Structures are given as structure tokens and as C-alpha cells.
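Novice: So you can see what is in the structure, the chains are spelled out below.
Protein chains: 2
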Amino acid sequence: MGETIRIGIAGYGNLGRGVEAAVEKNADMNLVGIFTRRSPADLAPLRPQTPVYNMDELAAHEDGIDVLILCGGSKEDLPQQGPLLAAQFNTVDSFDTHARIPEYFESVDEPARENRKTALISAGWDPGMFSINRVYGEALLPDGDTYTFWGRGLSQGHSDAVRRVPGVAGGVQYTLPSQPAIDKVRSGSRPQLETRQKHTRECFVVLEQDAEPAAVREAIVTMPHYFDQYDTEVHFISAEELARDHRAMPHGGFAIRSGNTSSEHAQVIEYSLTLESNPEFTASVLVAYARAVHRMNKQDQFGAKTVFDVPPGLLSPKSAADLRAELL
Amino acid sequence: MGETIRIGIAGYGNLGRGVEAAVEKNADMNLVGIFTRRSPADLAPLRPQTPVYNMDELAAHEDGIDVLILCGGSKEDLPQQGPLLAAQFNTVDSFDTHARIPEYFESVDEPARENRKTALISAGWDPGMFSINRVYGEALLPDGDTYTFWGRGLSQGHSDAVRRVPGVAGGVQYTLPSQPAIDKVRSGSRPQLETRQKHTRECFVVLEQDAEPAAVREAIVTMPHYFDQYDTEVHFISAEELARDHRAMPHGGFAIRSGNTSSEHAQVIEYSLTLESNPEFTASVLVAYARAVHRMNKQDQFGAKTVFDVPPGLLSPKSAADLRAELL
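These protein sequences, in sequence, are chains A and B.
Everything in the first sequence is counted per UniProt numbering, starting at 1 for the first residue and increasing by one.
Everything in the second sequence is counted per UniProt numbering, starting at 1 for the first residue and increasing by one.
Bear in mind the hints are in silico, worked out from the structure with no lab data behind them.
Just so we're clear, the structure is a prediction, and the values are computed from it rather than from any experiment.
Think of the CB as a built atom: it goes at the ideal place given N, C-alpha and C, for glycine as much as any other residue.
A hint or two may mislead.
Cut-off 27 angstroms, straight-line C-alpha distance, at most; resulting in silico cross-link-like pairs (DSS-like, lysine-lysine) [to be verified]: (1) Lys298(A) x Lys25(B); (2) Lys25(A) x Lys184(B); (3) Lys298(B) x Lys184(A); (4) Lys75(A) x Lys298(A); (5) Lys25(B) x Lys184(A); (6) Lys298(A) x Lys25(A); (7) Lys318(B) x Lys298(B); (8) Lys25(B) x Lys298(B).
A few chain A residues facing chain B, derived, Cβ under 7 angstroms [claimed, not checked]: (9) Val168; (10) Ile182; (11) Ile269; (12) Ser319.
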């Protein structure tokens, strides 16, 4: 081993904090610093000794950072930052707007290639580890069906939607996979499942004073796209209960491939995650891929990459020979 | 796509039959033929139209086979065939004697490299898919523990051991993962588990006439290495029951990584297989890796490889752009 991989963090929300924690778990990595658009003095990193810089100072660190991990959001930050920073740094990001991935890939590929950088996009768990398992599943069982279930988990987008309902002072939304649907899929029977059969939704809502509970409930459960296609439970709770019981960010889910290798035999492959902290796990994935990106760049593999392009062994700090001896 | 990958099968037992079935499930592959050490006329392939040749005829097919899938056993066949055939063909095999993998890798690497061939060793599910998940698990959760459970599944080695006991006319052995142990691991508590706590064993035995059941049971459950470290149940059944109820070759198991991303948060990753046919699933893995081997050889990646060296996307018949659009 010997070598230390120098990591930078661009953007410091929940994900950035997770990356700071994850780098510390990897003995072959060193955190150069956090780069923020806020005033560095206002930012309190997890570890007091972590250096904090203004985003403008990134260019001055071009030679001191092996991989920059982009921790901004997929809506506003990454479409702008990704292509710019991939021209200067090897990067890893968690761009997760599924429909826009091809377009984002192209926007990052050219600047990275031109500058001999490696830019891994859309890492995390979905997109990311779940995507890898969808590819393995299809390839191993071509005569089969793929099922993805999410949850039980806090959904940021749906929580935001709940909080926009008139009369709602606060709230969170959990996505729950349906146990009967999972059981059917696990049986190998390859069921056709409607949206309503696969997931249910559960909301914990704090009402504004004088708000009408029945009206709020109705507004939530009939909300087009977000809730109308699901069975949704709404629970009204106090602001104290919300603060006490719903601060964690658990998530997870199941990527299942069910297929037939002959007319006699069904086979089921299941990959599942049970996460007490969604951002910390996503961050751990980004950090492992930073190791792979560093190595791929040294192998002259330039341009945009995805998790599909990365051999599993490149994620490990162990040598190929050690992996064969210990883990194969 | 367009191109067809030409596959050969060397050795025709359960695994070879599985490969014959699997090739048919992959539209971009064509089965050139089965190569056997038996008399080709005595061999009945699954599909009557599959050509059957003597193993001696392999050399004459050097230009007609893109990837040769070696379906012999790890004890007698592969240590001899692997290095020889890797000098002539791109190969995939399922060498599964874990302790000898480094030595086998070396023996295949040199002839493959010298002849610009690509030889992927030890594919299947363990070694194979479970190994990949052990590597991903360690890399994503470096502060964690890895647990592998096998079963419920028919174990060939243990069934053979049972059948060697004096007084046994026939029998099979199933390995069962212990549910309390799995539940503990899934909870994220990272338990220390003894061998006896992780698996139990169940034998179905047909006695020879006049054999003493108590003595046979005692000989089985105290057998060193195979049974003495486990809790073992022995059921005595008739030859008819053995033939009727125990012909299938189910298997599977769980590769679980449990780790902590911070002092507050535990995370659990689980990969599980529920296989109605162990050899058919193993064969499906070999066939998917044959596609990857064909591509890696065209990219001048010569020598011995393992599943750790193969990017997931290379297993799929879909293009990288399609994978990004459809499965990421």
C-alpha cells in the first residue's frame, strides 16, 4: 500500500459530513479539506482539525488533491459544478436524477477527457450499488425480471411535498416496501406488480394552529404523482414528537432479480440494504469509489465513468493478490 | 450488438449441462459444441442438435471458439486442463478449492499471457458472486464484519462423506444456515459466531440391510471436520424416498456485511441467493463471464483474471450507453 490518497470535499451538507466521517475510516486516505460557498468561519466540521476553505480556493489546491468528492445537490449544484470541476480534478459525485444521467455523463466526459481527468458520476446506492445489482442480475439471469423496492426510508422529496401543504407546520414522509409484494417476488413466481402494490407511504405531520386535520389529510393523500398512486397513512403528531422521533435518516431497500435457468428451475438473487443513515452510507460509497478513480486515472482511464465501468477489486485497499487469497 | 460469441463446453456433467441451457438464454451466443473425454456417441446433450466432439478434437476448433467454458472438477480436472487450455483458448472456469486459488491463478496466468489469451478463473457464486460482495462490503464499510452463510443446500462433499459410512446404502446432506444467527447479523450488532452457531446439518440416509441405525447415526455426527463441529440431524428414509424427494440440487446462502459509518449509525448490506438448481445457476454465471472474457481479450487484457477484475458492465449484452440510460 504505502501511498496516501488525498481527498477534497466540495460542499458540506449531510453528504459532505458523511464523507468527512468516511475518510477517517480509510487508513490509506487523507482529507485535505472542505471547500464551501459559505463563509469558512461559519462552518463547523465534524472534526475541529479539518481545514475549511472557500470554494474559490479550490484552484490553488489542484496539485494537492488526488480526488475531489462533489457533495452538492443534483438539481442546482452538480449540473454546473460537475463539468467545471472535472476539468481540474478527478471527481466522484452522486448525481441521482435518473432521467438526466446520459446528458450529465456527456457534460462531464469531454472536460475530463481533455484534461486527462477521471470523473465518476452517479455513485451511491441508487443510483450506485442497486444499479450494479440490476446489471449483474440481468446478465446472470437473462430470462428474468428485476424488482426494486425502497424503504423503509425517509424520502426527502416527499417530505418536502408534505410540508408545502397548507395547514402543515412540519412533517416527514417514509416510503415503505410492501411485505406481501416482496414475499411474492422472493418466491420466484415473477409477479406483475402495480405501483400501489409495491410501496405504501406514511406521513407524520405537525399541524398549524387552527388547521383542519381532515382537509390536510385529503390534500396529502390525493396529491398527484407524489401520493395519489399509493396507499398513504397520515399521522398527526406534536412538534416535540417530530423533533424527538424523526430526526434520523434511515433508508434502504431491495434489488431483486428473479429468473429461470430452465423450465424446471427458478433462481432468486437479492441485494438489500438496511441503513441507519442514508447520507453516511452514500458517503461511504463515494469514498470507496474515490480510491478506484485515483487508480483508474493512474491507468490513463480518462473521461466520465460510472459504477458499471469499475472492477470490484479497484475499490479495495488490498492488492489483487491479497484479494484472491483472502476474499475469493 | 450484431456480433455472436462462439462458446465451447469442455466436460459434460451437471455444470456442462447447465452451460448448454444457459447459452440458449443468451441471444448473442452460439454453442459450437460439447467436448468430452467420453465417447461422443454415448453422450446425450440436452438439445439433440448440439454437436458433441471428443476432447482430442479441441485443437482443430481453435479458430472457431471465442471462449471455452471449462466444466470439469476442481480436484482432478482443472489443475491439469486449466493451464493447458488457457494456452489455446480464452477460458472461464469455476475452480472452487479456495485454499489453492493463488497457486491455480499462477499456473494459468503464464500460458494465457504468453499466448495472448484471457483466462477467468473461479467464477460461480462462491467463489464468484459472494466473493464480489465480500469485496464490495469491505470497501464500503471498512469498519465492519463480513458473514457468509450457506444453504439451505445440498452439499456434495458432505453427502459423499455420509455415503462412505459403513451401513449406509445411500444418502444426502443439507447444510442449513441458522436463523437466530442470521437475525443477529441482520440487526447490525456484529456478533462473534462460533461454527456451531452459524450452520446446522441435516442428513437423509438409506440404511443397508441389517445396519444398526444408532451406530450409523453416531458415526455420522461424530465424524471429524465434516460433522463434529455442528449440530446434525439424521433421518432414516427408504431408497424410494431418497430417489423421489432428494434429486434436486438446491443451494444458496447469504453474504452479509455489517458495519458502522459513525459511532451513531450501523449499516447492513446483504446479498442472498435462493437457487433451485446450484449447477444451472453456476453455469449462468460462467456464461455471463464468458461475454466479459471475450471483450477483455479484444481489449488486449491477457492472462489470468478473476471476478474482481471485471467491470460489471462487461457482463451485459447492452452497450455502456444503454446501461447508463436504462439501469443506472
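Novice: Run every hint past the structure and note whether it holds.
Specialist: So, going through the hints one by one against the coordinates:
{"no.": "1", "hint": "Lys298(A) x Lys25(B)", "result": "violated, 38 angstroms"}
{"no.": "2", "hint": "Lys25(A) x Lys184(B)", "result": "holds, 24 angstroms"}
{"no.": "3", "hint": "Lys298(B) x Lys184(A)", "result": "violated, 42 angstroms"}
{"no.": "4", "hint": "Lys75(A) x Lys298(A)", "result": "violated, 31 angstroms"}
{"no.": "5", "hint": "Lys25(B) x Lys184(A)", "result": "holds, 24 angstroms"}
{"no.": "6", "hint": "Lys298(A) x Lys25(A)", "result": "holds, 23 angstroms"}
{"no.": "7", "hint": "Lys318(B) x Lys298(B)", "result": "holds, 17 angstroms"}
{"no.": "8", "hint": "Lys25(B) x Lys298(B)", "result": "holds, 23 angstroms"}
{"no.": "9", "hint": "Val168", "result": "violated, 28 angstroms"}
{"no.": "10", "hint": "Ile182", "result": "violated, 12 angstroms"}
{"no.": "11", "hint": "Ile269", "result": "holds, 6 angstroms"}
{"no.": "12", "hint": "Ser319", "result": "violated, 11 angstroms"}
Checked against the numbered hints given earlier, the structure breaks hints 1, 3, 4, 9, 10 and 12 and satisfies all the rest.
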